[in-house]
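Residue numbers (numbering that gives the first Met the number 0), protein chains in the order written: chain A, 0 to 249; chain B, 0 to 284.
Derived by calculation from the structure, the hints in this document are not laboratory data. Each residue gets a CB set at the ideal place from its N, CA and C atoms; glycine is no exception. No false leads were slipped in.
Covered, in the sense of this in silico footprint (three residues per stretch, anywhere, with C-beta under 8 Å from a C-beta of chain B), are these stretches of chain A:
hint : segment
1    : 49 to 55
2    : 89 to 96
3    : 102 to 116
4    : 156 to 163
Label pairs and their calculated CB-CB ranges:
hint : chain 1 : residue 1 : chain 2 : residue 2 : range
5    : A       : Asn9      : B       : Tyr89     : 31 to 39 Å
6    : B       : Tyr89     : A       : Asp73     : 24 to 32 Å
7    : B       : Lys98     : A       : Gln205    : 44 to 52 Å
8    : A       : Phe11     : B       : Gly94     : 20 to 28 Å
9    : B       : Pro114    : A       : Asn15     : 40 to 48 Å
10   : B       : Leu103    : A       : Asp73     : 32 to 40 Å
11   : B       : Leu99     : A       : Phe11     : 22 to 30 Å
12   : B       : Val113    : A       : Asp56     : 26 to 34 Å
13   : B       : Gly94     : A       : Ser69     : 30 to 38 Å
14   : B       : Pro114    : A       : Ser69     : 53 to 61 Å
15   : A       : Ser147    : B       : Phe13     : 39 to 47 Å
16   : B       : Trp178    : A       : Lys113    : 14 to 22 Å
List time: in silico DSS-like cross-link candidates among lysine-lysine, alpha-carbon distance up to 27 Å:
hint : chain 1 : residue 1 : chain 2 : residue 2
17   : A       : Lys83     : B       : Lys177
18   : B       : Lys160    : A       : Lys59
19   : A       : Lys59     : A       : Lys74
20   : A       : Lys63     : A       : Lys74
21   : A       : Lys140    : A       : Lys183
22   : A       : Lys16     : B       : Lys98
23   : A       : Lys97     : B       : Lys160
24   : A       : Lys59     : B       : Lys98
25   : A       : Lys83     : A       : Lys115
26   : A       : Lys91     : A       : Lys183
27   : A       : Lys183    : A       : Lys127
28   : A       : Lys91     : B       : Lys160
29   : A       : Lys63     : B       : Lys177
30   : A       : Lys113    : B       : Lys177
31   : A       : Lys97     : B       : Lys177
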Amino acid sequence: MNKLDANNVNVFYGSNKVIKDVSISIKQNTVTAFIGPSGCGKSTFLRLFNRMNDYIDTFKMEGKIEIDGSNIYDKQIRVEELRKQIGMVFQKPNPFPKSIYENVIYGLRIQGIKDKKILDESVEQSLKQAALWDEVKDKLKDSALALSGGQQQRLCIARTLAVQPTVILMDEPASALDPISTAKIEDLIYQLKSKYTIVIVTHNMQQAGRISDKTAFFYMGELVEYDETKTIFTNPKQERTLNYVTGRFG
Amino acid sequence: MNSSKINRIKDNAFKYFGIACTVFGLAMLAIFLGNIIIEGIARIDWAFITNFPSRNPDKAGILPALVGTLWIMGLTAVIAIPLGIAAGIYLEEYGKKSKLATLLEINISNLAGVPSIIYGLLGLEIFGRIMGMGGSLLAGASTLSLLILPIIIVSTREALKAVPSSIKEASFAMGASKWQTVWHQLLPASFGGVITGIILALSRAVGETAPLIVIGALAYVPFVPASPTDEFSVLPIQIFNWISRPQKGFAINAASAIIILLMVTFIMNGIAMYLRNRWQKKVKW
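The shape of chain A in the complex, shown without the other chains (with noise of 0.2 Å):
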């Protein structure tokens, strides 16, 4: 079965159309990767699974986007539950300005979540997930600001990970990262696989090849072609797609 679709939607921003009646199914645990060059629409498709783009002002959205079949546009959903389903990783790493503890336990707090004992377990938990813990479980009580780029990244990762959703949206997760901590955060994806369902939105030609199962070519608001990740990579089916992947453009 698949867990996210997307029907014939078009999006908006005033009359500017900038995505134009793209389609896709992607399957559970996962790893799909959106590429195509800067403004092609790719973070806008992304963002609509967890409607992140309903904070602009101008947006507009038509067709239909389900999770486990049920259209996460419909009135009767409720945003901040769909959520707690759907996770979101960011391209600059973006921790709250409390400490390493606070930041794994917001969603639960917000939840309303009191029970020591419980959120005690769920950062231990999820900082172990994101391969963090070693680094920083002598220290939970400092600011989260004090972390290096690449922590601070894989503890967004943890933050997510601690409301125990199915779904992560990554956004360029590692291009303002170094080689070192993007290589981290690429293991990381890969082991996350096996419990959850993640899209990451790429620059980088050479991560979406190790890390996706699938891929989706996005070009001027068009889903161009989506397939097998080694089929996008040695064998494109449309020749828009073989002059990007070769880097005749973009």
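Start from chain A and add chain B according to the hints.
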């Protein structure tokens, strides 16, 4: 002469002009302060602070006016802070799209520029007469609250605006509601700016004279106000009253009272600076 030389001369000319302007302002302030201090510092003692006003300048004190000023400061804070912060949060985070909010926004900026005596007339009519508060502390504090509301609203909005949108996005993406985001993220992160605005607004309120004279604050108060419904005087009115008397002794008293009033506002500004620095150090992006 080539053009780069001319530019350098112009540059220097402006630099010295700027220095002259800065020195002018500071010199005026220094002369003023020096004058006041020379005249008034000797008169300040414990009796001056704890005595009631008197016909005899040597026995007169500022107790009722000082207590009145503290009352006014406290009541104004209680009224204006919640209103101002709530309005600031609404305008910045909630009411962005509506036409009503745009209209409100323009008017609030305008309100900050309305002369304070107009607020006095408004307060006299609404609080003093219609609501029947008369010339009480409550009427005075309500009037001053109106006066400083725009300042608090604007500074709250500025402080909220300074919080990076990435923090807001992160909070929303974690499933937080708007109110949770405001409460857990935006307010703590903007606390330094909000508190600075509040203190500066309050020190403005403490120095105001005109609106309080209009609503009927007294010049001569032979008692210490004990409840918000009592009539009152404040330091600026006491100063104004003493200065307008012919005896030399009262002029000295006025200078002494000015020193006390300046100390009150300097202390408040100092607290504002301290809090701002402290919170800026704590919150770094």
